[in-house]
Structure formats: structure tokens, C-alpha cells
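Asks: Residues per chain are reported as follows:
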Amino acid sequence: MNEYLQDRSGIRAILAAGVHSRHRAKGKKIGSVAIKLDNVSKQFEGAATPAVTSLSLDIEEGAIVVLIGPSGCGKTTTLRMINRLIEPTAGRIVINGEDVTQRPVAELRREIGYVIQQVGLFPHQTIAGNIATVPKMLGWEKPRITDRIEELAVLVGLEPSLLGRYPDELSGGQQQRVGVARALAADPPVLLMDEPFGAVDPIVRTRLQDELLELQARVGKTIVLVTHDIDEALKIADRIALLNVGGILEQYSSADELLAEPANEFVAKFVGEDRSVKRLQLRTVADLPFHQGPVVAATDGPAAARATMKEYSSEWFGVTSQDVFLGWVHVDDLQDDAPLESLPRSVPAAQVQSESTLRNAMQIIMTSHTSVAVIDDGGRFGGVVTLELIRASLEAEPG
Amino acid sequence: MIPFFAQAPNPIIRWEYFIDEWDQIRRALVEHLELTIYAVTIGLVVAAGLSAVALRYRWTVAPINGFTAFLYTIPSVALFGILVPYFGLSRFSAVLPLAAYTLLILVTNIVAGFNSVSPEVKEAANGMGMTPTRRVLHVELPLAMPYIVTGLRIAVVSTVGLVTVAAIIGQGGLGRLIIDGLRRTFWTPMTIGAALSILLALALDGLILIGGRWLTPWAQRGKSAL
Chain A
181 MNEYLQDRSG
191 IRAILAAGVH
201 SRHRAKGKKI
211 GSVAIKLDNV
221 SKQFEGAATP
231 AVTSLSLDIE
241 EGAIVVLIGP
251 SGCGKTTTLR
261 MINRLIEPTA
271 GRIVINGEDV
281 TQRPVAELRR
291 EIGYVIQQVG
301 LFPHQTIAGN
311 IATVPKMLGW
321 EKPRITDRIE
331 ELAVLVGLEP
341 SLLGRYPDEL
351 SGGQQQRVGV
361 ARALAADPPV
371 LLMDEPFGAV
381 DPIVRTRLQD
391 ELLELQARVG
401 KTIVLVTHDI
411 DEALKIADRI
421 ALLNVGGILE
431 QYSSADELLA
441 EPANEFVAKF
451 VGEDRSVKRL
461 QLRTVADLPF
471 HQGPVVAATD
481 GPAAARATMK
491 EYSSEWFGVT
501 SQDVFLGWVH
511 VDDLQDDAPL
521 ESLPRSVPAA
531 QVQSESTLRN
541 AMQIIMTSHT
551 SVAVIDDGGR
561 FGGVVTLELI
571 RASLEAEPG
Chain B
451 MIPFFAQAPN
461 PIIRWEYFID
471 EWDQIRRALV
481 EHLELTIYAV
491 TIGLVVAAGL
501 SAVALRYRWT
511 VAPINGFTAF
521 LYTIPSVALF
531 GILVPYFGLS
541 RFSAVLPLAA
551 YTLLILVTNI
561 VAGFNSVSPE
571 VKEAANGMGM
581 TPTRRVLHVE
591 LPLAMPYIVT
601 GLRIAVVSTV
611 GLVTVAAIIG
621 QGGLGRLIID
631 GLRRTFWTPM
641 TIGAALSILL
651 ALALDGLILI
661 GGRWLTPWAQ
671 RGKSAL
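These protein sequence lines map, in sequence, to chains A and B.
Every position in the first sequence, counted from 1, becomes a number in our numbering once 180 is added.
Every position in the second sequence, counted from 1, becomes a number in our numbering once 450 is added.
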């Protein structure tokens, strides 16, 4: 009874109308190499095997690069070698053309923002005092520091009233925002983040990830982030460096490429069996080509409705009025003398937003009574999406 | 009948003694305070040095602890006695043992205070480019302060008590009043000496408590944290 519109030929007709993904690469301008790891190795004293083995990575300016891998893959060691909290035993690390070992270590670190999982706020200083740490060391004038603190509070979404509080008086999510503000205080070009969202609950984590992406869209830092959460990596990374135990680089590519074309068995296993479904999370409904579907404007009249049903071999057609989708009408309810918008619309329409992920769209279609979902593009009819269209998008080249 | 206390030959306290002997009482009180401050200051300086060594070289914690605990076990009378042949009935002979007794509690608390600083706070400080000196002075020391203040309070209170014993080598501040009273079986100076040393201990304890709160406002507010 519920298989309304579940007409295979109709779907085939939709596909015949020309499906090819216009998959949009993540819209970020990525510049020259900001951080270069050149054959970097780290052998800890007394350890049988190296923590990092001849690792070479080019990290582009303005990119979010995520280091990920199983325990013991040296991802945190690698991160900490960039700001010299750990010194490499071999190889070179170059930031903006300068070998990090050529710089006085304290001076180098003041130019690199650093955020850690437990945040590490200073409990004896107010939020404002914490944020002011690096500017104070750099000898900024007081008014300039005050202005900067206020600016950062807005940037990371902190209530200005919290600035006079102490860290222990804040929630975990608020503390993490302070940690980010503190790291950004002196406007460093590079930001290192070591599992920054590992200590907060999943809901707050998702929000902080979204905030990081919004923040990054505004500040455009070169961010190196360590995580063990593949979904987090897929969500925020421009490029993912997947490391194996001993700091061996298995693959360095975009999230989509990692999922679509895993370099080897290890990568495929690490990203998971459901990597096709995960790819759906990287794309939005807006990435799909526009599809009208068997939908007509009310003003087009009954003849147009019959034509579109014939074209799609469908027993149903959709009606829009002034670009707003009204609902689905069955062929039996079509009357030649009644205006289309007055016809009974017996099936509730499944709706997706154009900014929804394809995974979300799939979810909505699967749990609705129709095999198509109507795209709501800011209140206007934005075409339709079907499972076939979603599936076809996976055949496109990874971006 | 004549009231007992008015007529008794040797009451607990005779108030006119206060007026007659005020100079002597005041001198004893000041001396007591001075001996306490000297001893605790010297103790604090030495304890800071020993703590720095213990924190820098972990293997020295046990020997340093053992040494300060050993000093603490020496009876005070014996220690004063040992030093007199070398330094005479001087203030130095009194201050040195008093300072030695503060070491156990001070070193223990200073080390505990610095150990209480969480590793991630130190990591954050290093990662932001603090030099080790700046990190110790601006981050670790303030965070260790509640422990140090607690140690200081115990050290001061116990030193105020011990100073009275130094009276046996002719120093002792208020202790001299006590010994004087005992020797003459005249209770008034003894009562005054004992009472004033208790009051002094309470006053100094309160002062350090207030000073500590003023130094660590965050520790008071953080307690009602989320």
C-alpha cells in the first residue's frame, strides 16, 4: 500500500534525463605549502621501534589537515614535532620556508597556536587572562590586548560576561572555545590541535566541529589536527593523512578520495565497510544535478500533468504553486475541469533541504512513503532526489 | 569572708602585673614574633631550595624527605643544647633548630603543591612558548600556592609553640615569662606567657589564611564550579 511512486521505469526515466554529478570540491582556496615534513623520523630512547618513520607531508596554507590512525601510529608525536615539544631524530620540518630547528623554541611556539584535548586552561587566571597569555609574552600594549580578547570572544562564540570568570566555572564546551581563542590570540598562521574535541560529549563535539569549520572559513589558518575519530576527520579535513603503527604514511588524500579509492587493505579497513555510505556524508543535495521529476506548476494545467506522467511513466504527479511544492496527486484524481491546486493530495511529501547531506536525504527517503524526496531550496521547489540519483553520485570521480 | 582570688597569695593572674611589667611583656612578645619570623623565613628559603632539587631530580625526594623527617625527630631541648657549645646562648642557636623543624612540613607541601599542577596545564604553557622560568613563576607557583600556604600555616603555628622552649637557652620570647613564673612559682607571668603565645599563634595563622585567600582568589571561586 505504501509503495506510492515506487515506479522503476519512472526512476529510469529520471536517470535517462541525464545524470552526471557536478560534484563540488570543498570550496576552499588552498595556497602554497605552509608546513613541510621532510623524511621526519622519531626514535624514542628505549623504544624498540621508531614512533615515526621517514614521514614526508606537504601541508598547504589554509588547509585543514587531519592526522589519523590507530594507537601508536605517531600522530600526536608528529604534531608535537611541528612545535618542537618533541624533537625529531632525523629529517626536517619547515614552516613557511624556515627550518623550525633554526628558531628559538619559545619564539617559534608563540607563532603556532596549540590546542590540546584537556584544554589545559590556567585555573588561576580568568578567561580573559588565559586568552591574553601569548599577547602578554609578546609585549602587546594593554588596550590592544583588551580589544583582541573581545574580538576573539565574539569569534569563538563566548559570552563576554564569561571573560571575568575562572576556567572551573565554565562547561567543557565553553572551556574548549576558550582554548581555541587562546591559541588564536596572537593571530598565528598555524594552528595545531591535538584531539581538541575528544573530551566533550557527542552533541557538543558536533557543534564545536561546525564552529571550527565556520571559524576556519573566516580566519583561513593552516590547521593540523589529530584525531582518532574517522567521522570527525571526514567531516572537517581538506586532506587526511592516514598513518599506520610506527608513523608510516598509508595514504594522504582528500576525504572523498580516501573513501572512494583506498590505497590498500589497511586504509579500506580503517575507513570502514560502510565507506560508500560515509561518502554520502561528504556531499549535499545541492551537489546533485537538478531534477524536475514528474512535477508541474498549477498554472500549466491538466494537459501538462498528463504529459509529465507519461514522460516519467508515473501514476503520480507533483503540483507547485508559485515555486512552492504543494503535494502529490494521483492520476485517478485528475479532472480536466478542475484547477490543479484544488485536487486532493493524498500522500505527504518527503522533504529535504538543499544543504542536507546525501546520507540524510537517503535516510529521509527510506523512512517516507515515497521513493522520491522533494528538495526545499530555501522555501522554493528545488527539484527532486531519488535513491537512484544518490547512488549514481557515488560513481562520480572523487573530489 | 574575703573572696578567694583577692586574698590568695598566688592567683592565676594578677592584673597589675600587666601594667608594672608591660615593658618586659612587650619585649618578650616582640622577641617571640621575631624568632618565629626569622625561623620560618630561613626555613622557607631552605625548603624552597630542597624542594627545587627534589622536583628537578626525582630520586632525591626520598633522601630529602628522610633528612627533614630525621631533623624533626630530634627533641628540641637536645638540639638547642647541642648548638650552644658552638654558637653560645645566641639568637642563632635558637633560630637554627626552629628553622630545621619547619623543613619537613614546608618541603612536603611545596613538593605536593608543584606536583598538583596538572600535566596538561604545563603542556599548554610549554606549547604556547613560555620559557621554563616564566612557566614556573606565572603558572606553577601560583597553582602550588594553596598547598604552600597550608604548609606555612602549620609551620608558623608549630614554631610559635617551639619558640617558648628556646627560653632554656635564654632566648624564647614569651617562653622566658613561662620559665620565670615556674621558677618563682608565681603563676601570673606563666599564664600571660602561655596565653599570649596562643593568641600570637592564632593571629599569625589568621593573617596567613587571609593573605593566602588574597593570593588565590580562583581557588575560592572554583569550588562552586559546574
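Just so you know, the hints here were simulated from the structure itself, not pulled from any lab data.
Treat the numbers as computed from the prediction; the structure is a model and nothing was measured.
Be a bit skeptical, because a hint or two may be false.
Said to hold, decoys possible - Under the rule of at most 20 Å between Cα atoms (straight-line distance), these lysine to aspartate or glutamate pairs were calculated in the DMTMM-like manner:
id, chain 1, residue 1, chain 2, residue 2
1, A, K449, A, D411
2, A, K216, A, E240
3, A, K316, B, E590
4, A, K458, A, E568
5, B, K572, A, E568
6, B, K572, A, E575
7, A, K458, A, E339
8, A, K458, A, E291
9, B, K572, A, E535
10, A, K316, B, E573
11, B, K572, A, D348
Said to hold, decoys possible - Covered by chain B, according to a simulated footprint, are these stretches of chain A (three or more residues, beta-carbon under 8 Å):
id, segment
12, 310-323
13, 478-486
To be verified - Simulated restraints, written as ranges between beta carbons of each label pair:
id, chain 1, residue 1, chain 2, residue 2, range
14, A, S341, B, P569, 22 to 32 Å
15, A, D218, B, G661, 46 to 56 Å
16, A, D238, B, I660, 52 to 62 Å
C-beta atoms are modelled at their ideal positions from N, C-alpha and C, and glycine is treated no differently.
Asks: Compare the structure with each hint and give your call.
Replies: Consistency of the hints with the structure:
{"no.": "1", "hint": "A:K449 - A:D411", "in the structure": "holds, 14 Å"}
{"no.": "2", "hint": "A:K216 - A:E240", "in the structure": "holds, 9 Å"}
{"no.": "3", "hint": "A:K316 - B:E590", "in the structure": "holds, 17 Å"}
{"no.": "4", "hint": "A:K458 - A:E568", "in the structure": "holds, 17 Å"}
{"no.": "5", "hint": "B:K572 - A:E568", "in the structure": "violated, 54 Å"}
{"no.": "6", "hint": "B:K572 - A:E575", "in the structure": "violated, 49 Å"}
{"no.": "7", "hint": "A:K458 - A:E339", "in the structure": "violated, 35 Å"}
{"no.": "8", "hint": "A:K458 - A:E291", "in the structure": "violated, 36 Å"}
{"no.": "9", "hint": "B:K572 - A:E535", "in the structure": "violated, 42 Å"}
{"no.": "10", "hint": "A:K316 - B:E573", "in the structure": "holds, 18 Å"}
{"no.": "11", "hint": "B:K572 - A:D348", "in the structure": "holds, 17 Å"}
{"no.": "12", "hint": "310-323", "in the structure": "holds (count 3)"}
{"no.": "13", "hint": "478-486", "in the structure": "violated (count 0)"}
{"no.": "14", "hint": "A:S341 - B:P569: 22 to 32 Å", "in the structure": "holds, 31 Å"}
{"no.": "15", "hint": "A:D218 - B:G661: 46 to 56 Å", "in the structure": "holds, 54 Å"}
{"no.": "16", "hint": "A:D238 - B:I660: 52 to 62 Å", "in the structure": "holds, 59 Å"}
In terms of the numbered hints stated before, the structure departs from hints 5, 6, 7, 8, 9, 13, listed from lowest to highest.
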